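With the hints as extra help, turn the sequences into a complete structure.
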Amino acid sequence: MTYHHPGFWALAVAVVAMLFQQAFASMSALVLPIIAPEMSLETGLNVSLIGAYTGVLYGVSFVTSLGCGGYIQRYGPLRISQFSMFSLGTGLVLSSLGNIWTICLGAICMGIGSAVATPCSTVILAKLSPPKQAPLIFSLKQTGVPVGGMIAGLMVPLLAATYGWRGAFVGAGLTCLIYGVLLQPLRKHYDTERGPGYPFSILAAFGMLRRILGHKTYRELAFTWWFYVGVQSLFGAFFVSYLVQGLDYELAQAGYIFAIAQGISILARVLWGWISSHLIKPRTMLALFGLMIALSALLTGLFTKDWTPIQITLVAILYSASAISFHGVLIAEMARLAPKGEIASMTGGILSFAMLGMMSYPAIFGLALQITEGYKLGFMLAAIPALIVGLRLFWRQGKE
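In this note's numbering, the protein residues as written are 1 to 400.
If you are wondering where the hints come from, they were derived from the structure by calculation, not from laboratory data. It is possible that part of the hints are untrue.
To be verified - Below, in silico cross-link-like pairs of lysine-lysine (DSS-like), each with a Cα-Cα straight-line distance of 27 Å or less:
1. K216 to K281
2. K132 to K216
3. K281 to K340
4. K340 to K188
What the hints assert, rightly or not - Pair by pair, the computed Cβ-Cβ distance ranges are:
5. L391 to R210: 26 to 34 Å
6. L41 to I388: 37 to 45 Å
7. L247 to N99: 47 to 55 Å
8. A10 to T308: 45 to 53 Å
9. R219 to R187: 32 to 40 Å
10. A12 to V181: 30 to 38 Å
11. R211 to K132: 27 to 35 Å
A quick note: this is a predicted structure, and the numbers were derived from the prediction, not measured. A virtual CB, placed ideally from N, CA and C, is assigned to each residue, including glycine.
Take a look at the structure:
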């Protein structure tokens, strides 16, 4: 990784711009899960199909992430960030049509758009961030994920109540499309090192996959992404529906709890980034995340109607502060370990395993939901791999 000393404003503008890019990417993936109960009443589509929808979205993201590095190098991270917003917006508008095939096509568009968001922002910020402060800066940028969750938790139910579930899709889609246009003036500042003749190939994705699996450190980072993000995906895909259908909460009340938890995650991300920059090693922090993620998923699986809203909110906060707050520390570690000139390719490749988590966990959870007609077992089982990863990271530290 090559660090270029920037002016304060160059770094600040980049962090803010990429924060909101991340926020709208995060928001987009949450629109359908939030409005699924209302949507199912009109269309007859089963809420368990959230798992299939999420599986398609992140299955496409997996392949896109593995091969996106060449495109980012060729066209520039800012231009591909714009493409991300346009692809997400198009996918949301298509989903508003309510047909199973247009929803599937929308998921494909959104999978492509969501896959490139983090690699693009990582390339921009890796060049501008002082190495010692990288965990904090990347954590600040990654607050876009809970910001997106807050936007989704507050805006989507409001749009659905005012304009119907179709209006929620269209409103969120227009937000992404407009932001893609607003990024244009920044391109001359952050796409200065693009290579118009840089080669790229779809087949490069398979070479990157072999490279990651064959390298002990990259493989460890990849599986950490898979199992931590998998637990995260269940929070976004099923938590609101769990409260509404499993515990008889109103959609608005469930959305508020979801938004509160996401808001706390903003502070948690900054705190974890500061701790990893100043107090403990990032690898130690990543191990602690595994224990917190496992505990939060287990407690969520223990919910009953006897639990008070305050108790459920506290567990949601723990869930959000761990499973939705580790990303900045892990992204900074990836950027630090990436070979010179390969940040886009290596970040995209390792992040593809996050897409596996986003794809596999909701799909398996959706199957368990159909079989058991309950949400508890899925959350409890999801805790196990995260616990194993956390304990293994502690064990590896003890050997080093």
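TODO: Against the earlier hints, flag every one the structure doesn't satisfy and list their numbers going up.
DONE: 7 and 10
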